[in-house]
Amino acid sequence: MTTATLKGNERPSIGEFFLRAPAVGPALALLVAIVVFSLSTDTFLDLDNLSLVVQQSLVVGTLALGQTLIILTAGIDLANAAAMVLATLIMAKLVVGGVSGIWALLLGIVATVVIGMVTGSLVTRIKLPPFIVTLGLLTVLTAAAKLFASGQAVPVADELLKWLGTRRYLFGGIPITYGMTLALLMYLGLWYALTRTPWGKHVYAVGNAPESARLSGIKVNRTILSVYIVAGVIVGIAAWQALGRVPNADPNAFQLGNLDSITAVVLGGASLFGGRGSVLGTMMGALVVAVLRSGLTQLGVDALYQDVATGALLIGAVCVDRFARRQQS
Amino acid sequence: MRQRSLAALALAAALTVTTAGCTVERHWGGGSNAGGGGKAKVGLVTKTDTNPYFVELRAAAKAAAEANGAEFSALAGQFDGDNDGQVRAIENLMQQGANTILITPSSSTGVLDAIDRARKAGVLVIALDTATEPDTAVDATFATDNFEAGRQQGAYVKAALNGKPPKLFMVDGTAGSTVDTQRHTGFLKGIGLTDASPEIKGKTPANGDQSLAQQGVENLLQRTTDINAVYTMNEPMGRGTYAALQARGLVNQIVMGSIDGGCEGVKNVRDGQYAATVMQFPKKMAEQGVLAAVEYAKTGKKPSGFVNTGSAVITDKPIPGVESQDTKWGLENCWGTK
Numbered sequence: 001m002t003t004a005t006l007k008g009n010e011r012p013s014i015g016e017f018f019l020r021a022p023a024v025g026p027a028l029a030l031l032v033a034i035v036v037f038s039l040s041t042d043t044f045l046d047l048d049n050l051s052l053v054v055q056q057s058l059v060v061g062t063l064a065l066g067q068t069l070i071i072l073t074a075g076i077d078l079a080n081a082a083a084m085v086l087a088t089l090i091m092a093k094l095v096v097g098g099v100s101g102i103w104a105l106l107l108g109i110v111a112t113v114v115i116g117m118v119t120g121s122l123v124t125r126i127k128l129p130p131f132i133v134t135l136g137l138l139t140v141l142t143a144a145a146k147l148f149a150s151g152q153a154v155p156v157a158d159e160l161l162k163w164l165g166t167r168r169y170l171f172g173g174i175p176i177t178y179g180m181t182l183a184l185l186m187y188l189g190l191w192y193a194l195t196r197t198p199w200g201k202h203v204y205a206v207g208n209a210p211e212s213a214r215l216s217g218i219k220v221n222r223t224i225l226s227v228y229i230v231a232g233v234i235v236g237i238a239a240w241q242a243l244g245r246v247p248n249a250d251p252n253a254f255q256l257g258n259l260d261s262i263t264a265v266v267l268g269g270a271s272l273f274g275g276r277g278s279v280l281g282t283m284m285g286a287l288v289v290a291v292l293r294s295g296l297t298q299l300g301v302d303a304l305y306q307d308v309a310t311g312a313l314l315i316g317a318v319c320v321d322r323f324a325r326r327q328q329s
Numbered sequence: 330m331r332q333r334s335l336a337a338l339a340l341a342a343a344l345t346v347t348t349a350g351c352t353v354e355r356h357w358g359g360g361s362n363a364g365g366g367g368k369a370k371v372g373l374v375t376k377t378d379t380n381p382y383f384v385e386l387r388a389a390a391k392a393a394a395e396a397n398g399a400e401f402s403a404l405a406g407q408f409d410g411d412n413d414g415q416v417r418a419i420e421n422l423m424q425q426g427a428n429t430i431l432i433t434p435s436s437s438t439g440v441l442d443a444i445d446r447a448r449k450a451g452v453l454v455i456a457l458d459t460a461t462e463p464d465t466a467v468d469a470t471f472a473t474d475n476f477e478a479g480r481q482q483g484a485y486v487k488a489a490l491n492g493k494p495p496k497l498f499m500v501d502g503t504a505g506s507t508v509d510t511q512r513h514t515g516f517l518k519g520i521g522l523t524d525a526s527p528e529i530k531g532k533t534p535a536n537g538d539q540s541l542a543q544q545g546v547e548n549l550l551q552r553t554t555d556i557n558a559v560y561t562m563n564e565p566m567g568r569g570t571y572a573a574l575q576a577r578g579l580v581n582q583i584v585m586g587s588i589d590g591g592c593e594g595v596k597n598v599r600d601g602q603y604a605a606t607v608m609q610f611p612k613k614m615a616e617q618g619v620l621a622a623v624e625y626a627k628t629g630k631k632p633s634g635f636v637n638t639g640s641a642v643i644t645d646k647p648i649p650g651v652e653s654q655d656t657k658w659g660l661e662n663c664w665g666t667k
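Which chain is which? The protein sequence lines are Z and X, in order. Residue 1 is where the first sequence starts when you use our numbering, and the numbers rise one by one after that. Residue 330 is where the second sequence starts when you use our numbering, and the numbers rise one by one after that.
Read the hints as simulated data drawn from the structure, not as lab findings. Everything numeric in this text was worked out from a predicted model, so none of it was measured. Glycine included, every Cβ here is placed at the ideal spot set by N, Cα and C. Don't take each hint at face value.
Stated by the list, open to error - Stretches of chain X that chain Z covers, calculated by requiring three or more beta carbons in the stretch to come under 8 Å of a beta carbon on chain Z:
(1) 395 to 407
(2) 411 to 425
As the list claims (entries may be wrong) - Covered by chain X, per the in silico footprint, the following chain Z stretches (three or more residues, Cβ under 8 Å):
(3) 136 to 150
(4) 233 to 246
(5) 294 to 306
With the hints as constraints, model all of the structure from the sequences given.
So this is what it looks like as structure tokens:
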């Protein structure tokens with residue numbers, strides 16, 4: 001999962017341990033938060049509530065999955081939430097226009113894939129920094145969504161589009177939505193692709209040291225482009241998740257989705273310089289934020305202090321990363 | 330008390346599971362949230378928690394809850410339009426066992442699904458300030474009649490023009506938002522125009538933001554300065570508009586109106602920045618909402634329909650035929666920091 005290596009039979013230092021398994025830090029934070037909130041409130045440790053917390057993290061968690069891929073290649077996507085909002089509007093408006101749910105869903109995903117291809121092409125062919133490309137796209141897509149919807153929210157009545165949020169079953173007493181199931185499958189799938197396939201190794205290599213990746217025969221541009229396309233698919237699915245949560249496509253929604261997804265990825269132990277990070281870590285990162293919000297809310301902590309806590313945690317996570325790197329070198 | 334409600338919740342959950350099998354779709358908070366014969370637990374969900382209007386609403390609700398022995402907790406979205414955050418807030422309040430939720434919906438359709446879930450679990454849901462579409466999605470709505478508030482502003486501006494044909498700029502809020510649309514059409518009705526009237530010399534949306542309003546009006550003034558009336562959808566935008574007009578030396582030839590009734594806005598009227606503002610009463614919305622919650626907890630009786638909490642024209646230049654209050658009255662009844 002990471003490129004840090006151990007020499008011989010040395011016992012790993014704490015720093016190396018964190019570098020080897022970037023998900024351990026956020027997992028510990030998650031565990032601590034869950035224990036603290038379970039002890040300090042009557043309402044947190046409740047199967048329904050735990051299910052809710054996961055459902056509340058799904059949209060950002062899915063966006064963060066695509067963001068992880070892009071950050072692994074030392075890129076960043078500031079436009080993912082805007083693309084997602086546009087996709088929710090496309091899906092909703094198509095359904096209102098009489099198109100069947102399945103086609104609306106697919107065309108919405110096609111739109112985000114096209115956006116991914118455009119981003120990827122600008123990054124690989126014209127060598128623009130991903131930050132600039134997606135900053136521009138953020139503005140373009142936000143405006144496009146508002147123009148497309150004439151500023152109006154579009155309620156979604158289609159069963160398929162709402163399906164991820166409305167259909168649920170019980171697993172060991174815990175209410176599980178299909179959205180949760182799908183997210184889990186996506187995380188597993190991407191975990192497999194990143195750790196067990198040549199493509200995954202290329203993604204890490206490209207992010208870690210693009211020049212040596214190129215010299216060792218990896219098609220750097222093609223790998224990066226593929227990352228943006230896969231991330232596009234994921235953003236499209238995030239749009240489906242979003243409609244499952246709130247069956248109402250709103251051009252003003254998810255204004256902080258891009259930053260929330262970056263927060264989850266960084267809390268999950270990924271490096272913004274590329275090449276380091278994991279799908280499992282991102283999952284933990286997304287969950288930590290949702291657990292904090294839910295637990296602090298139930299403790300009656302003001303939302304602004306919750307923002308303070310989340311921000312502080314983020315800076316703390318990067319400090320751990322720095323510390324680990326220094327230990328290594 | 331909390332322990333007991335948790336036990337009740339667990340029991341209710343267990344009952345639901347055993348009676349309905351184990352692949353049921355069920356609603357959260359099952360059974361513990363209904364009113365009747367108990368203590369009021371009131372949750373308030375506002376659009377954001379930083380806007381002074383919502384701060385006032387929250388403070389008033391909190392005070393009313395304390396005065397009536399109700400439990401109170403307030404949550405909010407992170408920005409205007411944060412439906413996801415409001416849904417999360419509703420879920421968390423239900424999780425905490427709220428039996429009444431007062432909500433200022435971020436979008437009139439955005440959170441209906443979550444509201445529906447809450448109502449099915451027995452929670453009384455009252456929309457404050459902003460109506461839902463359809464309005465039957467909630468049990469009741471306690472709000473300003475925004476169309477009427479706009480109409481009052483329009484009627485005042487028309488009267489103040491004293492028979493001169495209007496040459497109007499319109500500074501709108503967020504395109505497509507319900508409140509914006511209602512105030513806008515109300516204003517046009519009050520002044521006697523339609524959206525297609527040539528008397529409208531320019532329109533700019535400014536998202537309720539002062540600096541955007543200033544920019545927008547500056548740009549409109551590049552096109553023409555031959556105007557005599559300005560509609561602003563709220564007071565921060567009124568201030569931005571004033572700055573733009575003042576820079577071009579146009580202040581004295583223009584009748585400008587606004588809506589909100591924040592204390593700063595009333596002071597703006599007193600200081601002559603605009604001729605009139607239409608005051609709304611968030612405190613009333615919050616207090617009536619909490620009282621309804623207390624009633625519901627005691628008796629299980631739910632309010633229904635649209636309850637207009639009223640609006641009043643505030644101006645120091647009263648015009649015969651238009652009912653208004655002066656800024657002294659305005660400062661006594663305004664919301665925000667006095």
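Here is how each hint holds up against the structure:
Chain Z is given as covering the segment 395 to 407 of chain X, and this holds because 4 residues of the stretch bring a CB closer than 8 Å to a CB of that chain, at least three being needed. Under a criterion of three residues with beta carbons nearer than 8 Å to beta carbons of chain Z, the stated coverage of the segment 411 to 425 of chain X is upheld, 10 such residues being counted. By the rule of at least three residues with a Cβ nearer than 8 Å to a Cβ of chain X, the coverage given for the segment 136 to 150 of chain Z holds, with 3 such residues. Requiring three or more residues with a Cβ within less than 8 Å of a Cβ of chain X, the coverage given for the segment 233 to 246 of chain Z holds, as 3 such residues are present.
Under a criterion of three residues with beta carbons nearer than 8 Å to beta carbons of chain X, the stated coverage of the segment 294 to 306 of chain Z is upheld, 7 such residues being counted.
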